[in-house]
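Peer 1: Listed below, chain by chain, are the residues.
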Amino acid sequence: MDDYAIRELITHVKRGGLSRRAFVQTMVGLGLTAPLATQLLGGAGVAHAQARPRSTFVPKKRGGGGALKVLWWQAPTLLNPHFAVGTKDQDGSRIFYEPLAAFDPDGNLFPILAAEIPNAQNGGVAKDGKSVTWRLKRNVAWHDGQPFTADDIVFNWEYAADPATAAVTSADYREIEKIEKIDTYTVKLVFKNPTPFWATAFCSARGLIIPKHRFEAYRGDKSREAPNNLKPVGTGPYKFVDFRPGDTVRGEINPQYHMLNRPFFDTIEMKGGGDAASAARAVLQTGEFDWAWNLQVSDEILKRMEQGGKGRVEMATGGGIEHIQCNFTDPWKEVDGERSSAKTTHPFLSDPAVRQALNVLVDRAAVHEELYGRLGQATANYLNGPTRFRSKNMRWEFNVAKANQILDAAGWKRGGDGIRAKGAVRLKMLYQTSTNAERQKTQAIVKQAAAKAGIEIEIKSVLASVFFGSDLANPDNYPKFYSDIQMYNNGLGAPDPQFFMNQFVSTEAATKDNKWQGRNITRWRNEDYDRAWRAATSEMDPVKRAALFVKMNDLVIQNVVVIPIIWRNVVAGASNRLKDAVVSGWDSNLWQLPYWHREA
Amino acid sequence: MATVAESLAFEAAPRTSLLRETLRRFLKHRLAVFGAVVLAILVLGVVAGPYVYRVPIDEIDFKAKLKAPSWAHPLGTDDLGQDVLARMLYGGRISLAVGVMSMLIAMTVGVLIGATAGFAGGAADNALMRVTDLFLCLPGLPLLLLLVYLFRESLKKALGPEAGVFILVVLVIGGLRWMSVARLVRAQFLSLREKEFVEAARGLGAPALRQVRRHILPNAMGPVIVAATIDVAAAIIAESTLSFLGLGFPPDIPSWGRILYDAKDNLDFAPHWAIAPGTAIFLTVLSINYIGDGLRDAFDPRKVFGHN
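Protein sequence lines correspond, in order, to chains A and B. Each residue of the first sequence is one higher than the one before, counting from 916 in the working numbering. Each residue of the second sequence is one higher than the one before, counting from 4 in the working numbering.
Worth flagging that the hints you see were computed from the coordinates, not collected in a lab. One or more of the hints may lead you astray.
Stated by the list, open to error - Here are some chain B residues the structure puts well away from chain A; computed CB gaps all over 10 angstroms:
id	residue
1	LYS68
2	THR111
3	LEU174
4	SER183
5	ALA237
6	ASN269
To be verified - Just the calculated beta-carbon pair ranges, DEER-fashion:
id	chain 1	residue 1	chain 2	residue 2	range
7	B	PRO72	A	ARG1329	45 to 55 angstroms
8	A	SER1453	B	THR244	14 to 24 angstroms
9	B	ALA75	A	ALA1379	31 to 41 angstroms
10	B	ALA51	A	GLU1371	22 to 32 angstroms
11	B	LYS66	A	ARG1329	35 to 45 angstroms
Claimed, not checked - Taking lysine-lysine and the DSS-like style, the derived pairs with C-alpha atoms no more than 27 angstroms apart in a straight line are:
id	chain 1	residue 1	chain 2	residue 2
12	A	LYS1218	B	LYS70
13	A	LYS1367	B	LYS66
14	A	LYS1248	B	LYS160
15	B	LYS66	A	LYS1225
16	A	LYS1186	B	LYS267
17	A	LYS1317	B	LYS70
18	B	LYS160	A	LYS1337
19	B	LYS66	A	LYS1395
20	B	LYS66	A	LYS1218
21	A	LYS1375	B	LYS68
22	A	LYS1337	B	LYS159
23	A	LYS1343	B	LYS70
24	B	LYS267	A	LYS1343
25	A	LYS1225	A	LYS1343
The C-beta atom is built at its ideal place from N, Cα and C for all residues, glycine as well.
Hey, can you work out the whole structure from these sequences and the hints?
Peer 2: Listed below in structure tokens is the structure:
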């Protein structure tokens, strides 16, 4: 579907001939994520649907629900959202702190501390994309009784944008030129550049807001000394009781919470540790806990646990993509103290024929049906969500005969041992990933198919904490990419692909010079791609912008820079008695925690 | 109790009968014989098995996944439909070789250091025991990571991926398990050194090496042999831990520990998958333990006069 057809549909919605919902679904069907589809309508002058909580339960009084016990098999280590290194820390903080707005499962913004979501109609979003005005909810109090005001918003920006604070969230706030306090409950965010997707600062899992009066004295260099880094004082549904880093977080009901008669539970306990399989068992089979986060367990095992009748698996689509990356540089040659240097080219993966052959040797159907089941779907695209960004042009196939044909035609001849070679270069590659049952099985499936096409694959698995670790001296972490191909899961975080898609921009190549912090891990360089990405960063027309991202996806797929395998869902486990605990693929598991309740 | 006649008879007998006597006593130890037979079967199985049972170890067949034992797959299949028996036979070579080799390394180093420290005493003892303490204090996992990162690539280049990893794994496991043996041996030496028969040997002018080899060491071997048998089992498990951490063999090489690890999440509905490698490890450890018991009794010089 091209940009013209999308425009026609939008006109249709404006005249009332097509419902917003049907439009969003069509766009999602096209591969755009729901949030993007919604933004398409917003940009075209159609009022935003007011995102509603996924709940019909109307509580008669606050509290009275007893204890809520949730299980995070990676435990939070600190409770300041600006220093949250991983999802676990964001989630631990989310019990006590809140953002202005959360992303619901459709990728719509749902107001939490905001009175309403800014859009073009209510004048919240400037036409030139250079400013956004938020109106705050009144009568919100911090846990210590102080009022929540515009000053807190301004403070969070100053705090996080200050490089000396070394906040993990700094990237979200650095693009803001200034924040004008219009009155006690209104702020205007002015951006340095036109910002098509502005819902990063103060929104969702990375946008939690901390109180000015508690952290004012601990800006910049002193940020790590704040006592409240471990003792949160927020606006959330639960007040802080106790925190043991790496183990448990406990909270009790906030009697002054700003939502009427919420929350339902009297106390909350977030228990950390263990592994995904035992967490799943504790919720689905034995019912010791009410909720378990991130169940990276095979569907077959989850199904058997669900037969226990104590719990169910909760899922949502997000942007998670399990994929194989091709190395465009030579991992076996050391140049200036680094391997996979951007100055080298890969001995055989630089040949498009080899990459194309590899692409048809990945049996996505088998991986999907046998390993992931309900937990994902086979895909040809790297960018799968939000729906309006998803390309309809790409196809995948599994065809060993075709791989053989491609390699024959490109002059790769089989040697005596059945392995193809051209001159001194043999098609023998090292395939690395993290240690995880599903990943090792995927490796086995690919290895077997590749052997039939005369490609020898050596399999390597690295412990997840090492593979994803940030130790610079470690040769096995994924940004170093000291192997021929590697596989892992990557996600968007927010329902917008701008940050996600910069991982193929030339200037982002991971090198020793940038301490491998560059996001372009494959080190693929392509001018068309760079141009498209730069255009998308300032394109204010949502339809044209979506078309640019679709083009970027297609370039990556046509050149076989990566081989997408499974579009993975966000998966959690919930007790059967726990209601309205709905997962969003675009936000924390706890995005609507105040609405959770338990059936008697 | 030994009678004078018996002891005279023994002294008159030629040297070869000492070995025969040892063998006789070993054979009288029924459990040891049982262990030897079981271990022989296991070794024969993994050495000759793959030539007789020619099913490929990595043939993926989803139609046959997690099948219980049948004629087509005598030990059933795993979750990729691969034949468990074929994988067991192939992986057993690695597991047994790693177990035995690491044990030998740990024993050699442990006995050498323990014996030197225990016999020499004084400053040498002090120095060697502090080294042992040092090794005991080393945090195992970070050290393993370091060693593997430092030497894996160069060993792989020099000896090829499988042989290189094998040597590294064996050295790493053996090299980190000798400390308890050294302490054990040293303690034995300290007490044996002062025994009358050693003093007698010393008085007769036996040089140090002879005192150690002929008199002290044989008496100290009992506990060492038991420790060695337990070490084989620990090494088999340690190898699977290393593989799991991504430091050992590639994940598609089915050592017993690896198969057991892969099977653990499916224990409740596909027990056959875990039972096979579990039983194999169990039988190996048990039989080596019994053999160790038998050997200790057979070699024990205090039982030389045949009253067992």
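Peer 1: Next step is simple, just say for each hint if it's right about the structure.
Peer 2: Hints and how they fare:
The claim that LYS68 (chain B) is not at the interface with chain A is violated, since a C-beta of that chain comes within 10 angstroms of its own (minimum 7 angstroms). Its beta-carbon lying about 31 angstroms from the closest one in chain A, THR111 (chain B) satisfies the requirement of being farther than 10 angstroms from that chain. No beta-carbon of chain A comes within 10 angstroms of the beta-carbon of LEU174 (chain B); the shortest separation is about 20 angstroms. The claim that SER183 (chain B) is not at the interface with chain A holds, since no C-beta of that chain comes within 10 angstroms of its own (minimum 27 angstroms).
For ALA237 (chain B), the shortest C-beta to C-beta distance to chain A comes to about 21 angstroms, beyond the 10 angstroms cut-off, and the non-interface label holds. Once the 10 angstroms rule is applied to beta carbons, ASN269 (chain B) is inconsistent with being away from chain A; the minimum gap is 7 angstroms. Distance hint check for PRO72 (chain B) and ARG1329 (chain A): the Cβ-Cβ separation is about 38 angstroms, which falls outside the suggested range of 45 to 55 angstroms. Taking the beta carbon of each, SER1453 (chain A) and THR244 (chain B) are about 52 angstroms apart, not inside 14 to 24 angstroms as hinted.
Against the hinted window of 31 to 41 angstroms, the Cβ-Cβ separation of ALA75 (chain B) and ALA1379 (chain A) comes to about 36 angstroms, which satisfies the hint. A beta carbon spacing of about 28 angstroms between ALA51 (chain B) and GLU1371 (chain A) agrees with the range 22 to 32 angstroms that was offered as a hint. A hinted range of 35 to 45 angstroms is violated for the C-beta pair LYS66 (chain B) and ARG1329 (chain A), which are about 29 angstroms apart. Taken as a hint, the LYS1218 (chain A) and LYS70 (chain B) pair is honoured in the structure, with Cα atoms around 18 angstroms apart against an allowance of 27 angstroms.
This hinted pair checks out: LYS1367 (chain A) and LYS66 (chain B) have alpha carbons roughly 20 angstroms apart, not beyond 27 angstroms. Only pairs whose Cα atoms come within 27 angstroms are accepted, and LYS1248 (chain A) paired with LYS160 (chain B) is accepted, the gap being roughly 14 angstroms. Of the supplied pair hints, the one linking LYS66 (chain B) and LYS1225 (chain A) is violated, its CA atoms being roughly 30 angstroms apart against a limit of 27 angstroms. A distance of roughly 24 angstroms separates the Cα atoms of LYS1186 (chain A) and LYS267 (chain B); the hinted pair therefore holds under the 27 angstroms criterion.
Distance restraint check for LYS1317 (chain A) and LYS70 (chain B): the Cα-Cα separation of roughly 32 angstroms exceeds the 27 angstroms cut-off, and the hinted pair is therefore not satisfied. This hinted pair checks out: LYS160 (chain B) and LYS1337 (chain A) have alpha carbons roughly 22 angstroms apart, not beyond 27 angstroms. With a C-alpha separation of about 38 angstroms, the suggested pair LYS66 (chain B) and LYS1395 (chain A) falls outside the 27 angstroms cut-off, and the hint is violated. Restraint check for LYS66 (chain B) and LYS1218 (chain A): satisfied, since their Cα atoms lie roughly 19 angstroms apart, inside the 27 angstroms limit.
About 23 angstroms separates the Cα atoms of LYS1375 (chain A) and LYS68 (chain B), which keeps this hinted pair within 27 angstroms; it holds. Between LYS1337 (chain A) and LYS159 (chain B) the alpha-carbon distance is near 24 angstroms, which keeps this suggested pair within the 27 angstroms criterion. A distance of roughly 33 angstroms separates the Cα atoms of LYS1343 (chain A) and LYS70 (chain B); the hinted pair therefore is violated under the 27 angstroms criterion. About 32 angstroms separates the Cα atoms of LYS267 (chain B) and LYS1343 (chain A), which puts this hinted pair outside 27 angstroms; it is violated.
Taken as a hint, the LYS1225 (chain A) and LYS1343 (chain A) pair is broken in the structure, with Cα atoms around 48 angstroms apart against an allowance of 27 angstroms.
Comparing the model with each earlier hint shows violations of hints 1, 6, 7, 8, 11, 15, 17, 19, 23, 24 and 25; every other hint is respected.
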